[in-house]
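Colleague: Chains as they are written, first to last, in the working numbering: chain X, 152 to 460; chain B, 49 to 341; chain G, 11 to 461.
No lab work stands behind these hints: they were computed from the structure. Don't take each hint at face value.
As the list claims (entries may be wrong) - Cross-link-like lysine to aspartate or glutamate pairs, in silico, DMTMM-like; alpha carbons within 20 Å at most:
{"#": "1", "chain 1": "B", "residue 1": "Lys147", "chain 2": "X", "residue 2": "Glu454"}
{"#": "2", "chain 1": "B", "residue 1": "Lys219", "chain 2": "B", "residue 2": "Glu281"}
{"#": "3", "chain 1": "X", "residue 1": "Lys255", "chain 2": "B", "residue 2": "Asp146"}
{"#": "4", "chain 1": "B", "residue 1": "Lys333", "chain 2": "G", "residue 2": "Glu213"}
{"#": "5", "chain 1": "B", "residue 1": "Lys147", "chain 2": "X", "residue 2": "Glu231"}
{"#": "6", "chain 1": "B", "residue 1": "Lys72", "chain 2": "B", "residue 2": "Asp146"}
{"#": "7", "chain 1": "B", "residue 1": "Lys156", "chain 2": "X", "residue 2": "Asp448"}
{"#": "8", "chain 1": "B", "residue 1": "Lys333", "chain 2": "G", "residue 2": "Asp74"}
{"#": "9", "chain 1": "B", "residue 1": "Lys219", "chain 2": "X", "residue 2": "Asp383"}
{"#": "10", "chain 1": "B", "residue 1": "Lys336", "chain 2": "G", "residue 2": "Glu294"}
{"#": "11", "chain 1": "B", "residue 1": "Lys289", "chain 2": "X", "residue 2": "Asp297"}
{"#": "12", "chain 1": "B", "residue 1": "Lys336", "chain 2": "G", "residue 2": "Glu213"}
{"#": "13", "chain 1": "B", "residue 1": "Lys301", "chain 2": "X", "residue 2": "Glu231"}
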Amino acid sequence: MEDQENSVKSRRRFLQKFGSLGLGAIAVSSALTESCSSNPKAPGSGKKITLLNSKNELVEVDSAYISTLNKDLSPNHNSESRNGLPGKKFVLVVDLGKCKNARKCMDKCQAVHQLRPDQHHLNVLLMKDSEHTAPYYMPKHCQHCDNPPCVKVCPVDATFKRTDGIVLIDNERCIGCRFCIAACPYSARSFNWYEPKDAEKYKGVAYDIEKNVPQKKGTVTKCTFSADCLRDGKLPYCVSACPNGVYYFGNVYEDAVTNGTLGETVSLNNLLAQNSAYRLLEDLGTAPSIYYLPPKDRTLIPEIEDTQS
Amino acid sequence: MVKITLLISIILLTCTQNAKSQVKPWPVSAEDAGKINPIPVELKNLGIGRNIFTRTCVACHGAKADGKGLIPSASLIDETFQKQSDGSIFFKINTGRDKMPPFKGMLKEDEIWSVVNYLRILVNRSALPPAKDVNLEISTGEEIKSITAYVHSADSAKLPFPEVDVHFYIKRDFGLMRIGELSNYTGADGKVKVVFPEKIIGDKEGNVTVLAKVEDNFLYNNSEMAVERKWGEQMVTEDEKFNQRALWGSRDKSPVWLLLLANGIIVGIWGVIFYVIYNLFRIKKTGKIFIKE
Amino acid sequence: MTDLHRKEIEIKKEQFQELVAELHSPLNRTSSSFKIWIGFLLLLMGTAAFMYVRQLRFGLGTTDMRDIASWGLYIADFVFLIAVSLVGSLITAILKLSNIKWATPLTRISEIIAVAALFSALLIIVVDMGRPDRLWHIFVYGRLQSPIVWDILVVNTYLVISILLLYIPLIPDIALLRKTMGHKPKWQQKMYKILSLGWQGTEDQVKVLNLSLKALMVVIIPVALSIHTVTSWLFASTLRPGWDSTIFGPYFVAGAFMVGAATVIVTMYIIREAYNFKEYITDEHFDLMGKLLVLTSLVYLYFNLNEFMVPAYKMKSGESAHILGLLVGDYSLMFWSVQIIGMIAPIFLMAFKPFRKPKPMLVISVLIVIAAFLKRFLIVTPTLLHPFLPIQNYPESYHHYNPTFSEMMITVGSIAGIALVISIFTRLFPIIPVSETAHEQGFPNEIINNS
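The shape of chain X in the complex, shown without the other chains (with noise of 0.2 Å):
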């Protein structure tokens, strides 16, 4: 614990006398490190810049993979963290009728959270809701409730519930008792019954509480809204990794979402009463951030294949 607290202060004192050789805070982005102000796809520049990174190597990159850290790498960057952006309350509207199951969100989820392939924040389901309705693919996220049963029940103020809505866990403070994942009625939360995926590569990174990661061995993890690029007002990564135009995402209090596919922003409140949205389980008062909007006009209506659901 202390040992990788001392080396991620000494990352960051490195990166402070880095500043004042008027070099600028900088970062190597990297896949690890991916965010969503960095664009690990970007086609190299062929400028190369000299480097020391974190393991005192000097390394050559190109300088189209060089990003400057805007996050405040502050000690208490956290403790601002569990406050949520003044001004904002953030919703997400899911059109049924347009997702076919490509399942883009999922990946980008797992990739970007350190999550194993059976570590879900983000759960694509294949819904039936009665023996005659038809079935229907249903992206399934932490729903963020305004009443959050989960938030009620942690004993330590490990997960708890933002300004802005967004409910997050601090997997600092989590004690891992699971109570959450007992307590939440939507499936949403995941833990950490191994060791995360891939501990080994992310081990010295500064834990960011807006992403949960790195994630860490015996504490719950769970959708975070991508609340890292929700900060840098950028859309979450599954709004924007998905190819079908199923999420909205958005303010309520300018009463605006952005389909994360089209760009096109409308106005929730019509979105919402036009498509008579209806939100997930609403009969147990937890209030829900999430909306959705029924599956009807749509070009591929799944099989069922088992009849579990």
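Start from chain X and add chains B and G according to the hints.
Modeller: Relative to chain X, chains B and G alone:
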């Protein structure tokens, strides 16, 4: 050295991709391939084609139609694609295959033909005159909240441009929200007016940023301008709701009744326990006195 | 007259010394079978410790718990141990406050069971934690809104009261031990000396002692009820079908009284046989405990009827998959075995006097205890396996929960720990209260304090 291997691998990769697409041909009957495109290559129809393309095709085929969208797919701008007849392209959009969904039923036939025209324009602009540079100015009416865009030539002559499609937007957190119609054409004076809609929410003071844009136009290059006006409703946030004492609140926000109840019980019960422990000391003390006596 | 009186006192004194010698006899025993028994328990606990170290190293993945069934055997064991501990308050406080004298020889047995079970419960809950190294977070960042924090508060409060209720009546007995155990090792004598608090049996001391006992007996009843009620709220405070029940509190309390009484019967049988206490723990005791067990079982049966009949009648969506799973599905065999063998059949059998003899009572009680453990398992697991939304995109194994060897050994270890604490206690302190028994047999204070 590295660059050369990279180059080779890229060439190989493209080859295999080409090979793949050739492995699975998509046969089109002579009758279908020979169908004539009934829609003329005109600005309005191209606009329709472009709008459909951005809504339904960009996700997979990419904004540049190069096949590099969220799901990798066929490039619509390379030679193999473009050398097909209009009829063949129409047939493929209409019926679909594998991940390419059939648009029969979703789009009207005329609309599909318009998309075909638009795809042609993407690689060959020769049917259109060269694009002109424009300047855009915004003036606002206060009595009836309205925005007027004035489109004129970029040179000092400032000649008004009629029949230019101007798009109006309001800035939101994650994108631009359209106001007015899908297309707003300038009049003979180069101006077009749009009424600011009701129930638009601004920031805490009600400020709203309004944009006018000439964009994706076939005849004019892109241009835009933004103004901020205090026209919106003031944003009402619910910070108090999320800062109140509640069962889901943080540890320093537990409900008062819970604090009183829990602490009352704790004090009551532990009072008795401490009383009993105190009694144990009393027993010990009296025992000592007894021994002395 | 004075001679006669003196003689009477002499006889009484001798009788008292006989009583003390008999009740102290386990302390002077040196049998190899006891050592083998302790060795066996230590072996079980050692295995559990090894498995736990392994779990610490590799994570909770060594159990069969996963994202769907995220609680399992450990939590079932925790609820079971909490239930068992409730008996301390039943025998000591409730029966004593009702002036029921026959329970006196059983008070210490039930108190030590309570204390040992509570320690074990506290350990097993730490075992269940993903990050036991952060246990201190509960004390530093504790959140009063969480039922876990309530549970920690009441369990620890109950533990302190139970220890006091075990210790305070023991003070006069320890004072006696100081006099009779002169041949024991130094550390043991020193322990007796410290723990006896210089007890002389003066009027003042007796008065303070009795006052303290009374206060504790009154206080322990609400605490005991709340410890199990709050434990039931760990489940009832969620929205899940099968847990979302308003009668979970009394349902758990009733079940706890039942399994607690059965545990006392098993323990008192073993102690009676091992130490030849037939005179103190009589057949009559088994008969009366049997009647008490019938009473608690009937109450529990009533709550079971409410808990399962009502939702089964309605078959509400969500609720129905869970109920059907219990009544006719995956868990039906276990469910009906538990309900019939562990509750309904014992009630019928114990209604007849021949079945309230020690041996049949032992068999019935063992069955009840095993069934009670399985019942806790049935409360925890099937509910988690029937969430509101379908279980998809998980490996097949996520649809089931079958505890691993590691989990089972740790659970067995937790129960072995209780047996170990009780066994060692019987060798250090009189398991049947000496001075209380003497008082009830009519020995005057002077004799008890001065012999």
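Colleague: Hint by hint, note whether the structure agrees.
Modeller: Verification of the supplied hints:
This hinted pair checks out: Lys147 of chain B and Glu454 of chain X have alpha carbons roughly 17 Å apart, not beyond 20 Å. Proposed proximity of Lys219 of chain B and Glu281 of chain B is supported: the alpha carbons are some 14 Å apart, at most 20 Å. Distance restraint check for Lys255 of chain X and Asp146 of chain B: the Cα-Cα separation of roughly 17 Å lies within the 20 Å cut-off, and the hinted pair is therefore satisfied. With a CA separation close to 13 Å, the supplied pair Lys333 of chain B and Glu213 of chain G stays within the 20 Å bound.
Only pairs whose Cα atoms come within 20 Å are accepted, and Lys147 of chain B paired with Glu231 of chain X is rejected, the gap being roughly 44 Å. Distance hint between Lys72 of chain B and Asp146 of chain B is fulfilled; the C-alpha atoms sit about 11 Å from each other, no more than 20 Å. Among the hinted pairs, Lys156 of chain B with Asp448 of chain X is consistent with the structure: their alpha-carbon atoms are about 16 Å apart, no more than 20 Å. With a C-alpha separation of about 55 Å, the suggested pair Lys333 of chain B and Asp74 of chain G falls outside the 20 Å cut-off, and the hint is violated.
A threshold of 20 Å between alpha carbons decides the hint, and for Lys219 of chain B with Asp383 of chain X the separation of about 16 Å falls inside it, so the pair holds. With a C-alpha separation of about 42 Å, the suggested pair Lys336 of chain B and Glu294 of chain G falls outside the 20 Å cut-off, and the hint is violated. At most 20 Å may separate the alpha-carbon atoms for a hinted pair to count; Lys289 of chain B and Asp297 of chain X meet this at roughly 10 Å. For the hint linking Lys336 of chain B to Glu213 of chain G, the alpha-carbon distance of about 14 Å falls within 20 Å, and the restraint holds.
As the CA atoms of Lys301 of chain B and Glu231 of chain X are separated by approximately 17 Å, the hinted pair is consistent with the 20 Å bound.
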